[in-house]
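Modelling step: build the complete structure from the supplied sequences, incorporating the hints.
2 protein chains.
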Amino acid sequence: IFGSILGVSAGFVLGKEGPMVHTGACIANLLGQGGSRKYHLTCNWLRYFKNDRDRRDLITCGCAAGVAAAFRAPVGGVLFALEEAASWWRSALLWRAFFTTAVVAVVLRTLIEFCRSGKCGLFGQGGLIMFDLSSTVATYSSPDLLAIILLGIIGGIFGGLFNFLLDKILRIYSIINERGAPSKILLTIIVSVITSMCSYGLPWLASCTQCPEDAVEQCPTVGRSGNYKNFQCPPGYYNGMASLFFNTNDDAIRNLFSTGTATEYHMSSLFIFFVAIYCLGLVTYGIAVPSGLFIPVILAGATYGRIVGTLLGSISSLDPGLFALLGAASFLGGTMRMTVSVCVILLELTNDLQMLPLVMLVLLISKTIADSFNKGVYDQIVVMKGLPYMEAHAEPYMRHLVAGDVVTGPLITFSGVEKVGDIVTALRITGHNGFPVVDEPPLTEVPELVGLVIRSHLLVLLKGKMFMKEPVKMSGSFVMERFGAFDFAKAGSGKGLKIEDLHFTDEEMQMYVDLHAIANTSPYTVVETMSLAKAALLFRELGLRHLLVVPKTPYVRVLTLSLTIYIMCVCVFFFSRVMHFLTHYNMILYQPFPLWIVPFICKGVHR
Amino acid sequence: IFGSILGVSAGFVLGKEGPMVHTGACIANLLGQGGSRKYHLTCNWLRYFKNDRDRRDLITCGCAAGVAAAFRAPVGGVLFALEEAASWWRSALLWRAFFTTAVVAVVLRTLIEFCRSGKCGLFGQGGLIMFDLSSTVATYSSPDLLAIILLGIIGGIFGGLFNFLLDKILRIYSIINERGAPSKILLTIIVSVITSMCSYGLPWLASCTQCPEDAVEQCPTVGRSGNYKNFQCPPGYYNGMASLFFNTNDDAIRNLFSTGTATEYHMSSLFIFFVAIYCLGLVTYGIAVPSGLFIPVILAGATYGRIVGTLLGSISSLDPGLFALLGAASFLGGTMRMTVSVCVILLELTNDLQMLPLVMLVLLISKTIADSFNKGVYDQIVVMKGLPYMEAHAEPYMRHLVAGDVVTGPLITFSGVEKVGDIVTALRITGHNGFPVVDEPPLTEVPELVGLVIRSHLLVLLKGKMFMKEPVKMSGSFVMERFGAFDFAKAGSGKGLKIEDLHFTDEEMQMYVDLHAIANTSPYTVVETMSLAKAALLFRELGLRHLLVVPKTPYVRVLTLSLTIYIMCVCVFFFSRVMHFLTHYNMILYQPFPLWIVPFICKGVHR
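Protein chains in written order, with the UniProt record's numbering: chain A, 1 to 607; chain B, 1 to 607.
One or more of the hints may lead you astray.
Unchecked claim - With a cut-off of at most 27 Å between alpha-carbon atoms, the simulated BS3-like pairs for lysine-lysine come out as follows: (1) Lys534/B to Lys473/A; (2) Lys534/A to Lys490/B; (3) Lys50/A to Lys38/B; (4) Lys463/A to Lys168/A; (5) Lys534/B to Lys534/A; (6) Lys50/B to Lys38/B; (7) Lys463/A to Lys495/A; (8) Lys473/B to Lys534/A; (9) Lys473/B to Lys490/A; (10) Lys50/B to Lys534/A; (11) Lys473/A to Lys463/A.
Claimed, not checked - Some residues of chain A that are not near chain B, with every Cβ distance over 10 Å (derived): (12) Val75; (13) Leu94; (14) Ser314; (15) Phe504.
If you're looking for bench data, these hints aren't it; they were derived computationally from the structure.
Every residue, glycine too, gets a C-beta built ideally from N, C-alpha and C.
Quick look at the structure:
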């Protein structure tokens, strides 16, 4: 939070929406872990979130709240969470996210109302709509459409180029940042100096412009924000480039979007500003400052749109301010590759419903163009960070493999009543999160799959030390008498039991423990001849962590995809390729898979 | 299309958006079937839609296009399709639906522009935003919020009551309608007469009001639409109730939403109009006229909101026109139970982004209140029509059952190389769409599940008459040489091969056919001890039609849920309860399940 405030205040070309999404997700994660017992910030009812599904849902809602607060766009926030953040969705979640953002909107609105008198600096200004364009009446004809299609195509190319260059720069930065704190700080200082030099140096290149006659009162601007900055010009004159540089990013966007000001900026000023912002946006993202990409992309896109609008002024009657909006849309489509959510966010930012068809058109064109070059910027970052992410669709090569093909070893299984020593050894020597349980003779006639036990439940059971001298099956209720449901609740990250914390005597190690009561007796299974593509789809669509592979022939098998848990701030992605497999006997087991979102782990990822 | 045009023109209290959604879905289905060969409306590339998934996607897009056209709300259309219509969603579909509605928006916009000169009656009026409220500046404080919460609560109760009464009335109507065409027509005539009596009779009850001084020019209104209808009043006076009744429904809504007209309607007029519209909306839906529910609900809700706004005028400073908007939102939330899509549709209808937080609040409150009484109106209709619909979540009782518990018989299986006569008999005596294929000795050492063949593929294979004298396994490529991929493409509804169309000689019936090449060797399977709730979730989340149940113990099993294919106009729902099961040997097989949407079958369902 503080990093973001200081970064934005320092005048970096970066957005505040990335850190705000991150903040929202972090708060949600904190609540999902049941609060913090260390700082006495906990509530008894928070324990209901102590399971994977509700915690994920909560974090998705937190992400939606972050977007909603950053753009003052409640519906856009829900859609962003749907389109970009969540890899799994259900109608109850839609409704909860909507509730969250409604609360955000009401709170924001109340605070803005409270601050309208100017007590809170710039906060109270603009109301819920940051760049209000609703007063403009836009009519457009066929030449306008042609101009807009051209705008979308070039915007898509610039967006794709942005992603390409950002990828290269982030790769260089990651090498620099790995060298330690001094390198990080030096890099930040260099970018900071370059930004300052651009902001202060470039306006010297622009010539002074006479104030328009109808705006003599506000020109040149006095104060922190406004359209006309004086900057070394004589009274009655303003410097166009300074008006763009010497404002907050939000105000610069507002200036670019403003209509009826076609001659406000020199072509040369706009062009220099565009190049500067495009490059500064690229070099700023990835330094050791919490940053988002939305604002730089909108800013560069709006400048680009205004340039195109001014150039095409002869064939199109649309205002350059509206072209700026469409230019911003084309850049967003070209870099983020989102459609519905960007469209709604832009709508909520500008309140300009008349332009909706054009915004949709531009988004579609630029996304299509950019998709032919490379992937969306968030996908690229996930790939670059090496975070394991499973695409929603199966990779083509998977169609030629079956689930049995990816089976490898060694895999550890337990029998329904297992020796304590064997369990402890298995937990110590492996990092697996799930183990199949197979009843073997003499407990049953033939080997039979009981289900799956997960590491954390095993640890709780071991800690209870309900051991037996002989390998006999107990009744399930016996375990339930000893343990409550909340004993097995998912602990906060880094807080669960560890095998290193448990100690057993030699005698205990020789005893037996019944796993039937804690085994999940309904694990999802696939037959070994199942196409890997379909198994991957099952895995992804149902949000599984473990998938058992059973044989066509009598013997039971289980498959593990031991995917390193990786995370990206809000959304979590899993690489289907980063798999390593284990087998033992003839069993395999998919392992710790869709742990969607663990915002606290992703300190290094800025968005 | 014509029914809807005539119904709306006749002045019924019904919406045009239901039939438009239906129309969109029908056109999409027509294209998805590859056009109509009978009417020479076909294209070669349409054959790429001849599979289930693309056809479903296309119909979802058609539904989105219908909503987008009805409300001139492109983003709302996408969200409606997401929230209400589609039971299965993927990101590519989101993007396609968005593309469809963008095209709709551009076409609509072009047509409106073309019609602006008045050549097309009322069509060109209002532009893309039907009820423009953007000019009003709304500020609200705590008492307003209290008033709005009250509005939401009562709106939710009225919405729930609407659903309850509609359910009862539709049950009575379905009895009447079953008696044949004369009863249907008589019912329609009666409703028509009642509507006419209300429209013409009720305004006599209202007294004349003097025209406001600032609106002398437009008062009383001359022409088809307007705020002030003269109706038997002296010049300079208008009849408030006539202004509501003697307009199109759209204009009545516009009048109710209009701000700065707090004293335009008498309280008594509003009250009578509310009761009349509430009741007429209930009795009109379900008669033999294509009708939607959105407009009647918005109309009743807006009137209700205006009444509340006028009553609470002393404690709230909000304009009654804005209260009308919130009232409409509360009724929509109370009946439809959608959140995001209704919110965006209202936003796109009114262009009033300032009110967004309040609209969200009201929607949430009324939905929550109404949810405690009954289900959403569409869900109710699905239940009433007896359409089999599977909820996205498993029913609680399923948690206590395992997949094996719902296994029943008889089930028919084929071996990998099966006698033609056995296949023909099986296809003739059952209506099953899928049959498991099990290789048995001597083909393999132990019985082994090969996969699943579906009826239509079997019929194609049988028609090709590639039979053998001896039961030997052929190479797969042999079949592929005889048949192209498009031979197995899904035919249009009612156009596929039927077993009755195929004839075989006695000699052929004694021959064998190899099913290996056409069997789906990767059917999704569950173990018989899998919890039924999890099996149902698998079925629903992956959009399956068939799910095989395999035993823990060596013997292979398959489970069929023989669900009658049912459809609801656009969305398709499946009852998890309407299941009947078949078994044979020890196998079961889930049958024809998520055939989402077949609009042509649902003549009787109006929306």
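Verification of the hints:
1. Distance restraint check for Lys534/B and Lys473/A: the Cα-Cα separation of roughly 26 Å lies within the 27 Å cut-off, and the hinted pair is therefore satisfied.
2. Restraint check for Lys534/A and Lys490/B: satisfied, since their Cα atoms lie roughly 21 Å apart, inside the 27 Å limit.
3. The hinted pair formed by Lys50/A and Lys38/B fails the criterion: a straight-line CA distance of about 60 Å is larger than 27 Å.
4. For a cut-off of 27 Å, the pair hint linking Lys463/A to Lys168/A is broken: about 50 Å separates their Cα positions.
5. Distance check on the hinted pair: Lys534/B and Lys534/A sit about 18 Å apart at the alpha-carbon level, within 27 Å; holds.
6. Between Lys50/B and Lys38/B the CA atoms are separated by roughly 17 Å; this keeps the pair inside 27 Å, and the hint holds.
7. Annotation: proposed proximity of Lys463/A to Lys495/A holds, straight-line Cα distance about 15 Å (limit 27 Å).
8. Between the alpha carbons of Lys473/B and Lys534/A the distance comes to roughly 26 Å, so the proposed pair stays at or under 27 Å and holds.
9. Proximity of Lys473/B to Lys490/A is assessed by CA-CA distance (about 52 Å); at most 27 Å being required, the pair is judged violated.
10. Between Lys50/B and Lys534/A the alpha-carbon distance is near 21 Å, which keeps this suggested pair within the 27 Å criterion.
11. Taking the CA atoms of Lys473/A and Lys463/A, the gap is near 19 Å; set against the 27 Å cutoff, the hint holds.
12. A beta-carbon of chain B comes within 10 Å of the beta-carbon of Val75/A; the shortest separation is about 6 Å.
13. The claim that Leu94/A lies off the interface is violated: its Cβ sits roughly 6 Å from the closest Cβ of chain B, which falls inside the 10 Å cut-off.
14. Consistency note on Ser314/A: stated as away from chain B, and its beta-carbon is indeed over 10 Å from all of that chain's, at 22 Å minimum.
15. Against the 10 Å criterion, Phe504/A stays outside the reach of chain B, whose nearest CB is about 32 Å from its own CB.
Checked against the numbered hints above, the structure breaks hints 3, 4, 9, 12, 13 and satisfies the rest.
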